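Q: Working from the sequences, and respecting the hints, build out all of it.
These protein sequence lines map, in sequence, to chains Y and L. Residues in the first sequence are numbered consecutively from 1, following this note's numbering. Residues in the second sequence are numbered consecutively from 1001, following this note's numbering.
Worth flagging that the hints you see were computed from the coordinates, not collected in a lab. Hints are not guaranteed to be accurate.
Stated by the list, open to error - Not the full set, but computed from the structure, chain Y residues with beta-carbon under 10 Å of chain L:
(1) Met1
(2) Lys57
(3) Thr63
(4) Ile131
(5) Ser132
(6) Asn134
(7) Leu135
(8) Gln149
None of the values given here were measured: they were computed from a predicted structure. Quick reminder that beta carbons are idealized off the backbone N, C-alpha and C, glycines included.
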Amino acid sequence: METFPVRVTVNGEAHEAEVEPRMLLVHLIRDELRLTGTHIGCDTTHCGACTVLLDGKPTKSCTVLAVQADGADIGTVEGLAGADGMHALQEGFWEKHGLQCGFCTPGMLMTGAALLEANPNPSEAEIREAISGNLCRCTGYVNIVKAVQYAADKMGAAAAETANAATDGEDS
Amino acid sequence: MIPAQFEYHAPAEVEDAVDLLVELDDAKVMSGGQSLLPMMKLRLASPAHIIDLRHIPGLDAIEERDGFLRIGALVTETQLEESAAVAERYPILLDTARVIADPLVRNRATVCGNIAHGDPANDHPATMLALRARVVATGPDGERTIDIDDFFHGLFMTALGEDEILTEIQVPVPPAGSGGAYVKLERKVGDYAVAGVAVQLTLDGEGKVTQAGVGLTNLGFAPIRATAAEETLLGADFVPAGGLRGAIERVRDAITKAPGADEVIAAAAQAAADMTEPVEDRRGSVEYKRNMARVLTARAIRQALARAGAGG
Chain Y
1 METFPVRVTV
11 NGEAHEAEVE
21 PRMLLVHLIR
31 DELRLTGTHI
41 GCDTTHCGAC
51 TVLLDGKPTK
61 SCTVLAVQAD
71 GADIGTVEGL
81 AGADGMHALQ
91 EGFWEKHGLQ
101 CGFCTPGMLM
111 TGAALLEANP
121 NPSEAEIREA
131 ISGNLCRCTG
141 YVNIVKAVQY
151 AADKMGAAAA
161 ETANAATDGE
171 DS
Chain L
1001 MIPAQFEYHA
1011 PAEVEDAVDL
1021 LVELDDAKVM
1031 SGGQSLLPMM
1041 KLRLASPAHI
1051 IDLRHIPGLD
1061 AIEERDGFLR
1071 IGALVTETQL
1081 EESAAVAERY
1091 PILLDTARVI
1101 ADPLVRNRAT
1111 VCGNIAHGDP
1121 ANDHPATMLA
1131 LRARVVATGP
1141 DGERTIDIDD
1151 FFHGLFMTAL
1161 GEDEILTEIQ
1171 VPVPPAGSGG
1181 AYVKLERKVG
1191 DYAVAGVAVQ
1201 LTLDGEGKVT
1211 QAGVGLTNLG
1221 FAPIRATAAE
1231 ETLLGADFVP
1241 AGGLRGAIER
1251 VRDAITKAPG
1261 ADEVIAAAAQ
1271 AAADMTEPVE
1281 DRRGSVEYKR
1291 NMARVLTARA
1301 IRQALARAGA
1311 GG
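A: So this is what it looks like as structure tokens:
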């Protein structure tokens, strides 16, 4: 069987692999790159546990061929935390009890991150719409929504502080 | 689950893709892959060759040109949702895109794929029937245009030839006084419709219906154009003489109070329900689905009228 070279950037790091055409992106991420934070849940495009950011857009990586991701910029849950600690969303899930078993959490986090990138101040309805392709069987979603709201508030406050600091700088 | 082995082709031009279709046995065209890949993983489909359109330039555009909204083969549902032209002049398309699968799937799923797949449970076919769209098929002899009425032949069967690719959908730019709506009943996000109804109407300056399109989702073995409902609506008089423009709520009130409006809507809704051929499954009985077709048709008509009266 012919294989294809696939070059991807994952969480800012360049990777190369030779893949069979039928290899799914989620298997490239988990089995080849050994990034097992991305989960395989239903494997039928329903549950969203395998959600990664594909060129910034949340995507179910069980329903993309690895060859189709050639040249793409991929974000997984391993890339969320920064040098200064957890991402505001991760902190939100911690603070608001946004998980119990945690299986859906990596997908929820990636979808949440994409939402806040596009819409820093989402309404509850917008959050619920955004995560409607990510299934959670534990929480009933209430605390997940609160976790995203927590992150939005924290990131909003941080942005305001930065803006204020910039304005103060101009004044002085 | 992993698909059966296949050979992968990613041509750079439509012509090359067509050549591959002609040359290869058992080849399938892939755009977003959100229907085809799940079928391959479940081994419901095991094509020997996949021809991926993703590298072909020019297929990812959505634009109004020469009287048509043109949606290329690689345009995603998300692109449709984010299009200003769609939001302004094709609210029925926006309604439809928003209830397809879920937001993550819509980031990859394509509008043309939704149609080329030929699944009567898909949502765009009914909407395209109501909009009187045209399908552009590209094959060895170049392009041909297929009326949407002639496109759907049955379960996963379409007018596309084995060596043809659906390269574009063309939706006529609606005349002034047009409005449409797509209403879908689903058990949960991402499910196929229990029933779905698309209605596109055009009113003249006096509030008379001059064009009517009604399409039905998942209510038979192919998407259904409810011609009997269209005939009931054509010529019906909804808005008081002189027309009515204003906030959508005010227009909706006026329409429901127009003399005879309720009767016409009820008759059209019943006519649509009478054309359905649903099958009983986990989503409901034949009687339930047929009744939902009636209820949803009435709702879609009212919403379409309100939008037409409000200037879009």
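Q: Each hint needs a verdict: does it hold in this structure or not?
A: A quick look at each hint next to the structure:
1. Met1: holds, 6 Å
2. Lys57: With a minimum Cβ separation of about 4 Å from chain L (threshold 10 Å), the hint on Lys57/Y holds.
3. Thr63: holds, 5 Å
4. Ile131: holds, 8 Å
5. Ser132: holds, 4 Å
6. Asn134: Holds. Min distance 7 Å.
7. Leu135: holds, 9 Å
8. Gln149: violated, 18 Å
When each numbered hint is compared with the structure, a violation occurs for hint 8 only.
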